[in-house]
Amino acid sequence: MRRIVSIVALGLVLASCSSNLPQSSLNPKSVEAQKIDGLWILVFSIATVIFFAVQIALIVSIIRWRRRPGDDSEPKQTHGNTRLEIVWTIIPAVILAVIAVPTLRTLFELRAPATGDVLRVKVTGHQWWWEFEYPDIVGPDGRPLITANELHIPAGKTTELEMTSADVIHSFWVPPLAGKRDLVPGLTTYIKITPLESAAGEVIPGQCAEYCWLGHADMRVKVHVDAPADFEAWTAGQLEPAPMPTAGAAAAGFETFSGVCTTCHQANVRRPDGTVETIGNAVGPDLTHFGSRDTFGAGILENTAEHLAAWIDDPSSLKPMAPELNDLDRGRVLGMPDYGLDPDQITELVELLESWK
Amino acid sequence: MAVATREQAPAAADRGVWSWITTVDHKRIGIMYAVAAFIFFLVGGFEALLIRTQLAGPNGTVLSAEAYNQIFTMHGLTMVFAVIMPIAAAFQNYFVPLQIGARDVAFPRINAFAFWLFFFSALFLYTSFLFGGAPDGAWVGYAPLSTQLTEYVRMDYYSVGAQLLGVASLAGSINFIATIFTMRAPGMSLMRMPVFVWMTVVTSFLLILSLPVIGVGLWQLLFDRNFGTLFYAAQAQGDPLLWQHLFWIFGHPEVYVLILPAMGIVSEILPVMSRKPLFGYAFVVFSGIAIGFLGFGVWAHHMFTAGLGPVAEAGFGLATMLIAIPTGVKIFNWIGTTWGGRLKLTTPMLFSLGFISMFVIGGLSGVTHSIVPADTQQHDSYYIVAHFHYVLFGGAVLGYMAGAYYWFPKWTGKMLSETIGKWHFWITLIGFNLTFAPQHILGLDGMPRRTYRYDAGLGWDGWNLMSTIGSYLIAVGVLVFIWNIIRSWRNGEPAGNDPWDGRTLEWTTSSPPPVHNFDEVPVVHHVDDFWYRKYGIDEDGRAVKMPEVSGGALTVDTDTGGEDGDADAHDIHMPSPSYFPIIASAGVVILGAGLVFISSGAIGFGLLALGAIVSLWGFMGWAGEPITKEAH
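Chains as they are written, first to last, in the working numbering: chain H, 1 to 357; chain E, 1001 to 1632.
Treat the hints with caution; some may be incorrect.
[As the list claims (entries may be wrong)] Here are some, though not all, of the chain H residues that point toward chain E, as calculated from beta-carbon distances under 8 Å:
no. : residue
1   : Gln77
2   : His79
3   : Ala100
4   : Ala200
5   : Val203
6   : His216
If you are wondering where the hints come from, they were derived from the structure by calculation, not from laboratory data. Given the structure is predicted, the values throughout are model-derived calculations rather than measurements. Backbone N, C-alpha and C fix where the C-beta goes; we use that ideal spot for every residue, glycine too.
In isolation and in its complexed conformation, chain E is listed as follows (with noise of 0.2 Å):
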């Protein structure tokens, strides 16, 4: 490619951790949400190792009842709101802004406090074991068992936690709204986007009208458990079901959160490597649209068995049974995609295609609790931890591998070795069925969740043995994935502008990409537009690639302000760093550890004072900090 391919050589200033600490750079704000993700993706991956040894035979003695429910709920807290959530942010954050031309995202500062916002919310939640114990109510905090036990601060913890975490999202989601519908390249128009970036329009709104809904119920549960306040507590004509509405108004959409840039992704390798544009851009970007929008009708199908009547329960079933038809779309237009093609069968084809594959069967199991009285059957049973381990393991977790194998060269300027990378896929997949497969057939023989541990002589223990044996055959393709990561970043092959022959912006910038993403704004003509620059059409419709002449130059914008040629980097002025981020995101979150403690006196007092003062220093140096600092 005719970019200049240019070794980013930061100044000395640029590198360090004070650098890292303060960035508002994107990019970095980007790669530092996939570093804590996979960190916490370690961590709730060792948590899932202990389930599976605890539950490898009957009556497993490796984890107490008390440890079990701490550990199980850790599990899904974590891999929800401090995995895939993140590592979809990571992806966004770094990716989004290179996909729309821009050179950053609309509010650098707030990305910057989302970012670590999140982070300490993270690692505070860990805290409650060292003080008072993990939260062991389970991910989905029912009430009134989640305002029960005052004695144990563990509830406030979740309580509180999944409210900073919130926070952290909304601030995220405004941004990436804000940076999409502003700072497009000129002639971007909105059906020009990448899959990828209408993904994250549709997760972005999903979380900005879910998460306050949440965010209610759990202030709600927080004054339950500390003031004495009965929203949750029947006895006092309280409604325990209030809380399930609330909950899952939020998370159903919540699962399209985790999986809809996931999907996204998809639909940008696919392309890539089938070397043929997406099949049918507009149903796909529609289809993702319609599923967010249908996403927020069918949360009470997690409730079919709550006691709500049958007119709702058909409704709800009816609602949830209309959410297949787009998402068949989705697949059917990715097969589509694939057909015809020149499959390039690299590993983040393979993870694609596995996506593909594993999400058509956690599709057709979610169909299946559309059939309420089915349902009645399956919920709350091993065949639902089956389900959505489909959906976010075989589906997310797949396609977020997929991003990592196809983006990292972007990244580092490295390619991942397609060797391991390969071994990697196939221990997955191979590992990932294993382990959740069998457990259809646990829940439909009768095993609930949640339980942590159960009889021999139900016909449980050779379905359990290989689904642990399974978990340990994923924890091995984990560790493949880090060798692949270590030895690739030191020794990878150089990976160039453009390794993949791609066909978005970000692949016409050098990789890593210089601190203002482009020296000139690109000017956009087609979706694709990259491709369209490296190749024509000819009479059978056939791609041919262009003379070198103009494959690859892009098109100089005149009226955005770029120089003809080379403009000069030092001319582009960028967003100072800022640690006042940084300290009002930890102000936040001393605020919320009080807010844990509030019920045990001087201690809660004394951090929401301290969270008070550190959070208002923060947020006023901000305020009073100008964006672009004079002397740059």
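Chain H on its own, in the form it takes in the complex (with noise of 0.2 Å):
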């Protein structure tokens, strides 16, 4: 058993040095991230040495002390040491103190609210995905940059969350870059990432941590960490509006997707004549670029036109979601509709929206 305990520390440090670990908290990529691994390592240290300490004592003790057979004498009957008693009271009060400053240092520090040049990102959770909205990002036309479940953000600068839900509780969480915290319908907490200049082009995934039913595992979020050039790039293409087709299977696709997909999802579209007009229900994600994405459903699924496809034909068998229990009067969204789409159709959704890069 000890042996198996040693080999299970050995496997802790092991694995935290290994690097196929991409959502691992142990391989910190950001400023909030590495302060926290700095006190799980402080922690760990001295659980470590107390951990050896007590259990040695008890092993010790059990070969010291066990009874030999044959050996039929009785031991001194000791009915305790307040001294060492006091002393082992006070040992661990003195330890916990040492720990609780650097706690409480660190706890401030990253509850404290982003000051300078900081990138606000609007954070709305959903059953089962994620909603991104960037405040001061704001196109021509006046409308912020919106985009869903794979959040870009810039390497070396401070972005802050501002998160909420639309349903039930969710917790963002992307252990390399910070630890989780809660999306509460009502409430708007609070995320601090500085991602370190190291981790440009980096997509660091994570996961919803708070269970929120069917579609709680499959809840995904990919964070592109950008150079800024390259974050500068991004921004300026996502808020470019998508172009309407107006030939071809696009052009067809682009029917089924204002009569049928409009009901839940938007776009922000460029009309042959020049207007910009966002069409559709802001339900689920927006799908303006979906076609730049590199995952949908929540990061489930590579973004290919098979996978769409298959998604568009029959989304809970790949995804177990409940939209029969949808309810849109009541802003209840459980999940997409199998809308019985004819292949042809699916095909020409598919053409269109993988257009919209």
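Could you fit the two chains together into a complex? Lean on the hints.
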């Protein structure tokens, strides 16, 4: 048993060094996550010392004082030792006091409002996807940048997430970037993330950490830490409206899109005459730049034409949802329904959406 | 021992199913608690195996998300409310009166009512699988998820089921407190009580003070779901976090309700097997009480990610750290108890030592939760799952296993096999660590709990597989335990009154004890009174066996009516059997079923009416029935 424990302890150390743990809290990639990791290493080290001290004391006592066969002698009847007991009450108290100081300092640092040049992102949790709105990044048409499930933030700069929920409680957890924080309906909670410069170019996975029913396991998020220039380029692209196609399969797809999909999805569309208009309802993810995303379905499916066709054909077969319980009037949305589109319609829709880079 | 070893030969009227249904004997009720808890342990364990099988590899397909959600919710509810609480109640029912030298509990019929209410409520919770689906909102039932889907009655089952189980625990707790405060043998002052009895006092108070809080929350949940109240609805200025406060003001003391009785058991076994008194009895007792008090001041450490703000988080973090101090005291005192002893490494002792060793791990990982920023990485991840299983399995379950091996001889008059017992211990310990140690790493590597599937490529596959293999090994351990029970029950070695050379009063009477427990009410002069009837102390402070003349002879208590010599058992009036408690509890559970289906119209109201009639019949009959029938 002890051997297992030491193997596990060793494994823990090795695991923390391994690089193929993209979602690990032990590979911090932001200033904030590094602070947490530093605290963790401190506490884990102290705990390891206590662990071995106590286990060794126990094992030594067992080996040394076990009754040998044939030994019928009786031990000395000690009832206690007040001085010793006071000592082992005070020692843990002192150790805890030592840990408490950096704990509280880090806590107040992390919870302090972000100051200076801060990128604000409003995060709204939905069953079962993430909505991201950049209120300070606004296009010429006055519409802020809105995207879903793939958050882009610049390296080396602080982003502050202002989070709430549209339905039940969710929790935003991207371990290499920050500790988790719940998204509570009716409340606004905050997370600060300052990605390390060295993390630029990485896509860091995370997922919802507060149980939110059927799609909880599939409510994933991908954070793209962009180099500042890449971030600028990305925002510029995202602020562009999606072109309304005039010919071919995509144009037919647009017919279906504006007749069916807009019940729940929005897109910011530039019509052939140059006017820009946001069509649809903001119930599901914004699809203006669907084609630019690596994944969809809240991070569970790679964004390919085949996957998208399968998804439109029967969403709940790929991700457990309960669209039969949707009640849009009461604001309850529990997944994307299967609209029974025929294969041609689906192909056309896929053509359209994948063209919206 | 000089106490007459009497084979209990119950009269025909004391046998059979009816005698168990109507029994008010605390020992039989204790056995029924144990049997029921063990059955639910198998059910909850089966659910655990389903969970682990689903998670053995990435994107498992054994369970759908819908099934998985119900299974993990029921696993939690079952293990907390239908396994660990009742197994503690089993030991408390059977041994608290015996350890304080009482002939029964203060309220024998409330005791029976509490058992049947627990048993029917737990069964009722399981009928949900047949009628409408099992609760699927996790055992914490967080609002507004728990109030969201009124189409299903699943969380109505949760609300009503937990409410009823809570009432059963309340009834039991009141009974224990009254028993311990009023029925101790002459001379047994509070500071002469066995630690297990002390821990029963603490947990009973914890339950009495905490259950009403979640009771309020559960009613609000039911009202939000069925009557359109908006207690937890954010869009109507309700507060989803209110539920979390109410739940955890109950939920955190509840954790200590689960572990403290196991600590009490270990505190009984270590001195007996070390042949030394408990090191620092008063420190251990007061540490237990301190844990009880502090347990009410740390609930919000379950909410460090919920947005309470840094001041509250700092306060609750510090309070949580404080709990480590009395907990550490207990661990050090237990090791101090073994130090310098003559350790008999029997199966109960192995489980007790395993308890200490594993609980240290659970305790240390608990301290890491008080480091608020670090907790924001650990919270709701597999690290938490690992932590509380180290406390509740490595701690509580190993502790109760120790108790089972220690007290089985008193229950049955037979010893459990030591050889099989040691196999049981080592398989369980290895399986347990294989299952839960990797989950620490999984959590730190970013795996959230309550997820029915995960992708490959996150570095989680190997640890999950190891965890699943470990869970199967635990299942093997449970089978070995069952084999041991069956084998030993049939042909175990006869135990005699005092197989372990015990220190407390339960070992002075026969195994199993007579209905009235003690022929003569003992008079108590020391902590570990029984030991001092058997052993003196020489000049070096070593125990010396006293001559058989005084060894074990109970001091006759002339003040409380014991006759000199042997009292005739027929002169002792025990409460008569009664079938009203089982009727009353059945009525209450039918009322509960009515509440679950209250939004379904006629079915709900019909059940409510039936429940009202049955429970009224039970309670009225109970009220009008004399405790001891004259004819006896």
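Consistency of the hints with the structure:
1. Gln77: 5 Å, holds
2. His79: 5 Å, holds
3. Ala100: OK, holds: Ala100 of chain H within 8 Å of chain E, min 6 Å.
4. Ala200: 21 Å, violated
5. Val203: Val203 of chain H check fails; min Cβ-Cβ to chain E is 12 Å, beyond 8 Å.
6. His216: His216 of chain H check passes; min Cβ-Cβ to chain E is 6 Å, inside 8 Å.
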